[in-house]
Every structure is written in structure tokens, then in C-alpha cells.
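Dock chain B against the given chain A, drawing on the hints supplied.
For the protein sequence lines, the chains are A and B, in the order given. As numbered in the numbering used here, residues 982 to 1187 make up the first sequence, in order. As numbered in the numbering used here, residues 982 to 1187 make up the second sequence, in order.
Misleading hints may appear alongside valid ones.
Copies of the same chain look alike in the list, so a pair counts if it works inside one copy or between any two.
Stated by the list, open to error - List of simulated lysine to aspartate or glutamate pairs, DMTMM-like, C-alpha gap at most 20 Å:
hint: 1; residue 1: Lys1158; residue 2: Glu1093
hint: 2; residue 1: Lys1038; residue 2: Asp1103
hint: 3; residue 1: Lys1158; residue 2: Glu1106
hint: 4; residue 1: Lys1158; residue 2: Asp1103
Derived from the structure by calculation, the hints contain no laboratory data.
Protein chains: 2
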Amino acid sequence: MGATPALRRGRGRRPAEEVRAEVLAAAARLLIAEGMRAVTFERIAHAAGASKTTLYKWWPSPAALAAEAYYRESETLLSFPDTGDLHADLVAQMTAFLGLLTHGGAAGPVSELIGAAQTDRDLGETWSRVYGLPRRELARRRLRSAQRQGELPADADVDIMIDQLWGACYHRLLVLKVPLDDLDVERLVTAAIRGAGGSTRPLATS
Amino acid sequence: MGATPALRRGRGRRPAEEVRAEVLAAAARLLIAEGMRAVTFERIAHAAGASKTTLYKWWPSPAALAAEAYYRESETLLSFPDTGDLHADLVAQMTAFLGLLTHGGAAGPVSELIGAAQTDRDLGETWSRVYGLPRRELARRRLRSAQRQGELPADADVDIMIDQLWGACYHRLLVLKVPLDDLDVERLVTAAIRGAGGSTRPLATS
Chain A
982 MGATPALRRG
992 RGRRPAEEVR
1002 AEVLAAAARL
1012 LIAEGMRAVT
1022 FERIAHAAGA
1032 SKTTLYKWWP
1042 SPAALAAEAY
1052 YRESETLLSF
1062 PDTGDLHADL
1072 VAQMTAFLGL
1082 LTHGGAAGPV
1092 SELIGAAQTD
1102 RDLGETWSRV
1112 YGLPRRELAR
1122 RRLRSAQRQG
1132 ELPADADVDI
1142 MIDQLWGACY
1152 HRLLVLKVPL
1162 DDLDVERLVT
1172 AAIRGAGGST
1182 RPLATS
Chain B
982 MGATPALRRG
992 RGRRPAEEVR
1002 AEVLAAAARL
1012 LIAEGMRAVT
1022 FERIAHAAGA
1032 SKTTLYKWWP
1042 SPAALAAEAY
1052 YRESETLLSF
1062 PDTGDLHADL
1072 VAQMTAFLGL
1082 LTHGGAAGPV
1092 SELIGAAQTD
1102 RDLGETWSRV
1112 YGLPRRELAR
1122 RRLRSAQRQG
1132 ELPADADVDI
1142 MIDQLWGACY
1152 HRLLVLKVPL
1162 DDLDVERLVT
1172 AAIRGAGGST
1182 RPLATS
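For reference, chain A alone in the conformation it holds in the complex (with noise of 0.2 Å):
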């Protein structure tokens, strides 16, 4: 099962979870290396050795399932870690967050997915719901937890403090159009956290 798709392609058939696994990894991959315009059912299909077929039996969409594949891919990249310190944990979090935007590309691919989902209608549904509110629920999770662990206050509103790092990010690269290099991450957690009334380490003077 851990032929490559060049070597499989008219071997019979690969179960359907591993193709699904090929192609979305296929399409990341595409998205990263050339954009949203690379992004299409015929490139994919055939880098990750599918049918185009299948592809559109599964997706509605190449954006997507683009989206989709953005998810996939940086799901590892990007969890949270909980090591008890949350400030600590937060900023390792956002600097893999920018260092993906950044070093690794993904600032213009995933700006224009982001900039198609606010025109058609049926992309921004999905770019929500397999990416925006999934990445944000695993957000939540780490800020509970330090709830529970009592670094932050049990009243603090977790979703305001999402939009207030996460957002900063978006604002920057989608809003102003401004490099993410200049964004100080320690600063803009130790705010966050700060602002919603939890223990930080002092701010660093610059």
C-alpha cells in the first residue's frame, strides 16, 4: 500500500481513504508551490495519480478542496502545544503560524483562498467550516485549559482573545497589506492575555 502514485496507477485500486490522503496532500502542496491558479481538479488529479472523476465526486470544488488540503496540512504544523505555560505555548504556536505565512509561502496562496471565499458564496461555507471555525475550536481547547489550570480568569471571553491574535495576523495580511515580520508575537500575546485579565510575564522593553 505504500507504492508511490506513478508506480500504482493501473495496479488496481488503493483504498479510498489513502487517495483522499494523496490528493489532499497533492493539492497543498500545489497551493503552496503556485497559488490558487495552480489549483485545479486536472493538476491534481494527476499529481496525485487520481481520476478526475473521483475528484469531483468528492469536492464540489477545486478551492475546496484546497481548503480542505490547507487544513490537512498545516494541522500538524500548527497545534497547540500545553505545556502549562500559556504564553509560552501561544507564542510557539503563532510563530509556527507566521512562519508558515511567511518562510513557508503560504501568505499569497492562502490570501487569495481567503479572497475567493468572499466572493463565492458556496467557498466561503466551506473555507468556515473546514478551516476558520475548526482551527478556532482547537484555539478554544488550549485557552480552556489554561482556564482550568487558573492562568487565565474563568469569565475571560476565549473567542475575543482568538480574534485578537489570530485576527492581528489576518488584519495585517489581508487588511493593510503590511509584512508579518514587523508583528512583535510576544508582545501581542502577552497582550492578549493581559487583556483578558490573565498572569503574564512583564512586557519586554524594546
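Only chain B this time, still in chain A's reference frame:
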């Protein structure tokens, strides 16, 4: 000079500034009422009683015109009060901003415009230059005034505050795609001011 475009047409030239203002007003009306699809040079020229040639001369694209129109049209509504009470002034400004997006019907059209700015490089540059950065500059002035008045520490990072406040709104609008009505502006403003080390009213218990 106060005649309506329909009456003026064919009765000699209006000053360029007057034409420009009417074109911007017409573009903003079309954008908010019918979305980006309605924003064409043809329809704007007709609505403003101007020639399409003039529009082509002044703006590189209908979307670039729409971005400038949205800035102009919202300038008064989104101005920053400075009563000496930063919390109240930010709540007032952000309530106006969120009201424009929700009751004012701007959420859809503005999402479309920002969405288009992610795929069209020229529009992205224009959007940032005529909307994103000028609005950030206005917010900076209000926050710096609060620093001078002692409501915010002198070393507060005003750009991070701006990302946290308006970024929170755009995060819900563009990335999560959830209703903006659920955003508790009082808490958001309190969290941003407290996060920056400023003095705030106590958090209302909900």
C-alpha cells in the same frame, strides 16, 4: 453648481473636483446597494452623469474606484471622537464601524472588495494605500492622543492595539465568517486597552 447630474448633463462642464466627488458618491452607493458586481465604469458614469473616458483617466479599475469611494463615504461616520475617555471613544467608533457593516449593509460588499484585493495585485496595493493604511493612521492618532493624556502607557504598541481591535472584526467577517452582532465591543475594547497596560473600567459581568 448645485444642480443634479441629470440636469447638468449637456449644460457645460462642471469643475473636476465636483465631478470627482459625485463619481465617488455614486460608486459608494452602487457598491453598498448591489455589491462589487454593480461597480462598473459604465454604471458609475451613468449614475454620476460623467463620461466613462473620465473614469478611465482617473482610476485604473472600477475596483480601485470602489476602494477610494468606500474610504470617502465612510470617513465621517468612522471618524474618531476625542472626548478624553478612550474606552468610550473606541466603543463609539467601533459601534459605528460594526453598524456600517451590519445594518448599513456594507459587510458583503466590503468583503468582496477585500477579497478581490487578495487576487488582484494592483487592487491590493490600491486598497492598502487608499483604505487600510489611511484608516490605521487615523486610529494611531487617537491612540497617541490617549498616550499623551496618560490613558495609555507611553510604550504601548498602538499598532498591535489596532490589529487587535479592527483585526478582531475582520477575523469574524473574513476568516471565521460568523455574524458580527455576537462581538461584544465593550469587552473587546476593554481587553485591548488593558492588554496595552492602560487603565480601563472594570469588566462588566455578563
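For each hint, the structure was consulted:
1. Lys1158 / Glu1093: Result: close both inside a copy and across copies, 13 Å intra and 16 Å inter.
2. Lys1038 / Asp1103: Within one copy only: 16 Å inside a chain, 36 Å across chains, cut-off 20 Å.
3. Lys1158 / Glu1106: between (24 Å within a copy, 8 Å between copies)
4. Lys1158 / Asp1103: between (25 Å within a copy, 12 Å between copies)
In summary, this structure violates none of the numbered hints.
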